[in-house]
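J.: Residues per chain are reported as follows:
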Amino acid sequence: MRHVKGILLAGVGGQGIILASDILCRVFISAGLDVKKSEVHGMAQRGGCVTSHVRFGKTVHSPLAKKKDVDILVAFEKMETIRYLDYVMDGGAVIINMEEIYPPAVNLGEFPYPDDITETVRRSFPDFQLVDAAKQAIRAGNIRTVNTVLLGALSCFLNLSLKLWDKALADSFPAKLIGVNREAFRLGRGAVQL
Amino acid sequence: MSGNEAIARGAYECGVRFAVGYPGTPSTEIMEAFARYPGVYAEWSPNEKVAMEVGIGAALAGAKAMVVMKHVGVNVAADPLFTVSYTGTNGALVVITADDPSMHSSQNEQDNRNYARFAKIPMLEPADSEEAKRFIKLAFEQSEKFDTPVFLRSTTRVSHSKSLVTLEKPSVSDDRTAVRFDTEKFVMVPMNARKRRLVVEKRLQDLKFFAESFPDNRMEINRSDVGIITAGLSYHYAKEVFPDYSYLKLGMVYPLPVKLIRKFARQVRKIYVIEELDPFLEEQIRAMGIKVTGKEIFPYTGEFDPGVIEEAISGGKSLKTLPDIPIPPRPPNLCPGCPHRGLFYVLGKLKIFVNGDIGCYTLSFMKPLEGLHSCICMGASIGMAHGMSKALGERGKGKVVGVIGDSTFLHSGITPMLNMAYNRSDAVIVICDNRTTAMTGMQEHPATGFTLQGEKTVEVDIAALVKSLGIQSVRVIDPYDLKSVRAVLKEELARSGPSVVISRRACILFKREKLPRRKPFTIDPEKCIGCRLCLGIGCPPIAWRTASNGPDGRVTRSEKKNRKGVAFIHRDLCAGCGLCAQLCKSGAITEERE
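Read top to bottom, the protein sequences are chains A and B. Number 139 in numbering that gives the first Met the number 0 belongs to position 140 of the first sequence; there are no gaps in the numbering. Number 133 in numbering that gives the first Met the number 0 belongs to position 134 of the second sequence; there are no gaps in the numbering.
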């Protein structure tokens, strides 16, 4: 039996991945679990790839997961799904935000943005979830809540009390932003088809 | 809590009230977190050497002083470091070195454990945040007990990983600061230094003895067939994949507990030494005559993870390979509206050699800007530009430039600039003054007018400083104005003698000097002639759209007119700097109307 589970959040600098993983950690801590997380700061903030590993369980040793050992991958950007897909274990879950953010090579027209991403994912993970997080974030009232929408989607795959999520959200935002993030979280949950 | 926050917390809990450093990934947050505790003194010094000297001065006055830097910062601080090892510390002095295996944000991957042996200074290495908080306290205890500076080594993954930490009540140590004289101990002229040299060796013997019973050098005896000797985060990686093996986990990586290692070796049949980067432990253990397996199976380069260790010991498990589709790389890039972009666009077009330095602007070496051609270390650009210009002589006239950021210039650019004036250089230096230390996240420096703890202070006038060094031609440009950037650079390149151009505009992310939000620009697809000039600035919102590569796949009339495509701007990303509009020859790019 595996005592430690792992989640990998991956996307592009500026998408709110670090904050999302902080909120996720709060939830696990309040659930009484050991939790470790690891991400890379620095150069990655300048539009490069950002990943955050969150690992939880009774006792967690490594903050990093090895390949094929992540239970859930949340890709905040569509193409980044492919870059980190080999971390996901067989039978793991994959949540994909459909937003496309072009890297320089695509902007310059030197490299096409891959158009067969969902097909590629489907071959290994037929039950992946495709979420239009930007649409839900705008519905919630603030485009910057994309990360909270995706946390809502992620919450459907974790058997944790919604009260814990709600408290973690309330503890993570200034008072005036709590409402919109609650709504974004709710819409994110609604966007998942199980 | 992150490892960095835990180091700051641990220092505060054990009564440290004095810390000094220079920002550098992955160490920066230690000082930022420490500076927020009540009743502390914390400062950013202009560079790591100054920081070390400030720390030494505080320690000599009897304070408990923490000095914080990234691994390459220790190179800058090495001069005082090697001699404070002789004098000892009087109060306490702990030096944090944050190493960066895999070079996530560094120019090299040096293993600073070597500094411990080189400078004869003990070194502790925590494996997670809880240990980071505890070990910083132990480091201060050791410093006081043995009258020695002590290293605490972190790595990117320890500094930037978060794990649970139990907070304790901060203690306040007695104020033991006083002016004390002890010239034999603190004046390192040969006759005194020779005596202290003997003290250093004696201290090292005492520390070796101490290491044998140091509780954080601990054995976990499980299976007797395999034993693992390791330190730092590698311990957790190994425990993850091999929980049943026996372990000797070293909390103190220098000096090593020789007897304890022998004792461990007697209890297990096969020994692996698991450490990132250099075979630092391995070579010393081999030198004891103990047979171990190490770098013949573990990589010398890059950081580890549980997979790396499992693969090295158990052999590569054949992972089912996933269907592979090619995806373009996603390197970090200058932000939309970044003031460096206009400057480096022009530099890239001038057919000159641009000696670069450390900062966000280093990213302009990449396509399409290609406006920077070297990067060695903090402050190197100026000396290199001068050396290159001297070596090339007449052939180098108007061909050699050095670029350096404002914080980097104040870190270690002043002395080489003095040299340029003194030795009558012909190079042109551009100081990219974006009003902050942008790359590490907006830290204050001597030209921002504020200290680390947010107090107002004098703001050095960079232009006046440069003039006072003996540079006669000093000009200021706005990098958003391409025409004047080009004109001024051309004039300065044509001039003989050293000259300095200050390219001044605040970092687009710097909140304190933020200008009112500009309107985004837009490209009229009817007017766009598909010349791709605007793509040449490599601005993230500007993208090329062919019929099949558009956000909506719409074919415009321009494309019907036999053009290969048109450029368009993602309006949500555009910062409104207007550089692209200055390049557009067909007048297709305009500021968005209300």
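FYI, nobody ran anything at the bench for these hints, they're computed from the structure. Heads up, a few of these hints could be off.
What the hints assert, rightly or not - Using 27 Å as the maximum straight-line C-alpha spacing, the simulated DSSO-like pairs for lysine-lysine come out as follows: (1) B:Lys-207 <-> B:Lys-258; (2) B:Lys-168 <-> B:Lys-144; (3) B:Lys-482 <-> B:Lys-350; (4) A:Lys-66 <-> B:Lys-584; (5) A:Lys-67 <-> A:Lys-57; (6) A:Lys-134 <-> B:Lys-119; (7) B:Lys-207 <-> B:Lys-294; (8) B:Lys-201 <-> A:Lys-175; (9) A:Lys-77 <-> B:Lys-350; (10) A:Lys-57 <-> A:Lys-134; (11) B:Lys-489 <-> B:Lys-526; (12) B:Lys-584 <-> B:Lys-563; (13) B:Lys-136 <-> B:Lys-184; (14) A:Lys-57 <-> A:Lys-175; (15) B:Lys-513 <-> A:Lys-175; (16) B:Lys-294 <-> A:Lys-67; (17) B:Lys-526 <-> B:Lys-510; (18) B:Lys-563 <-> B:Lys-348.
As the list claims (entries may be wrong) - Chain A residues, not near chain B, derived (Cβ > 12 Å throughout): (19) Lys-67; (20) Ile-71; (21) Asp-114; (22) Lys-134; (23) Ser-160.
Given the structure is predicted, the values throughout are model-derived calculations rather than measurements. A virtual CB, placed ideally from N, CA and C, is assigned to each residue, including glycine.
J.: Compare the structure with each hint and give your call.
T.: Here is how each hint holds up against the structure:
1. Pair hint B:Lys-207 plus B:Lys-258 holds up; C-alpha atoms about 10 Å apart against a cutoff of 27 Å.
2. The straight-line distance between the Cα atoms of B:Lys-168 and B:Lys-144 is roughly 23 Å, inside the 27 Å bound, and the hint therefore holds.
3. For the suggested pair B:Lys-482 and B:Lys-350, the alpha carbons sit about 17 Å apart, so the restraint of at most 27 Å is met.
4. For the proposed pair A:Lys-66 and B:Lys-584, the alpha carbon gap of about 50 Å is over 27 Å, so the pair is violated.
5. Proximity of A:Lys-67 to A:Lys-57 is assessed by CA-CA distance (about 20 Å); at most 27 Å being required, the pair is judged to hold.
6. Annotation: proposed proximity of A:Lys-134 to B:Lys-119 is violated, straight-line Cα distance about 60 Å (limit 27 Å).
7. Between the alpha carbons of B:Lys-207 and B:Lys-294 the distance comes to roughly 25 Å, so the proposed pair stays at or under 27 Å and holds.
8. For a cut-off of 27 Å, the pair hint linking B:Lys-201 to A:Lys-175 is broken: about 62 Å separates their Cα positions.
9. Distance hint between A:Lys-77 and B:Lys-350 is unfulfilled; the C-alpha atoms sit about 39 Å from each other, more than 27 Å.
10. For the given pair, A:Lys-57 sits about 37 Å from A:Lys-134 by alpha-carbon distance, which is inconsistent with the 27 Å threshold.
11. The suggested pairing of B:Lys-489 with B:Lys-526 is violated, with an alpha-carbon distance near 32 Å, which exceeds 27 Å.
12. With a C-alpha separation of about 17 Å, the suggested pairing of B:Lys-584 with B:Lys-563 holds against the 27 Å cut-off.
13. Pair hint B:Lys-136 plus B:Lys-184 holds up; C-alpha atoms about 26 Å apart against a cutoff of 27 Å.
14. With a CA separation close to 35 Å, the supplied pair A:Lys-57 and A:Lys-175 exceeds the 27 Å bound.
15. This hinted pair checks out: B:Lys-513 and A:Lys-175 have alpha carbons roughly 23 Å apart, not beyond 27 Å.
16. Only pairs whose Cα atoms come within 27 Å are accepted, and B:Lys-294 paired with A:Lys-67 is accepted, the gap being roughly 25 Å.
17. Between B:Lys-526 and B:Lys-510 the CA atoms are separated by roughly 36 Å; this puts the pair beyond 27 Å, and the hint is violated.
18. Distance hint between B:Lys-563 and B:Lys-348 is fulfilled; the C-alpha atoms sit about 25 Å from each other, no more than 27 Å.
19. With a minimum CB-CB distance of about 6 Å to chain B, A:Lys-67 fails to clear the 12 Å threshold, and the non-interface call is violated.
20. At the 12 Å boundary, the C-beta of A:Ile-71 stays outside the reach of chain B, the nearest C-beta of that chain being 17 Å off.
21. Once the 12 Å rule is applied to beta carbons, A:Asp-114 is inconsistent with being away from chain B; the minimum gap is 8 Å.
22. Once the 12 Å rule is applied to beta carbons, A:Lys-134 is consistent with being away from chain B; the minimum gap is 14 Å.
23. Every CB of chain B is more than 12 Å from the CB of A:Ser-160 (nearest about 20 Å), matching its label as outside the interface.
The structure shown violates the earlier hints numbered 4, 6, 8, 9, 10, 11, 14, 17, 19, 21.
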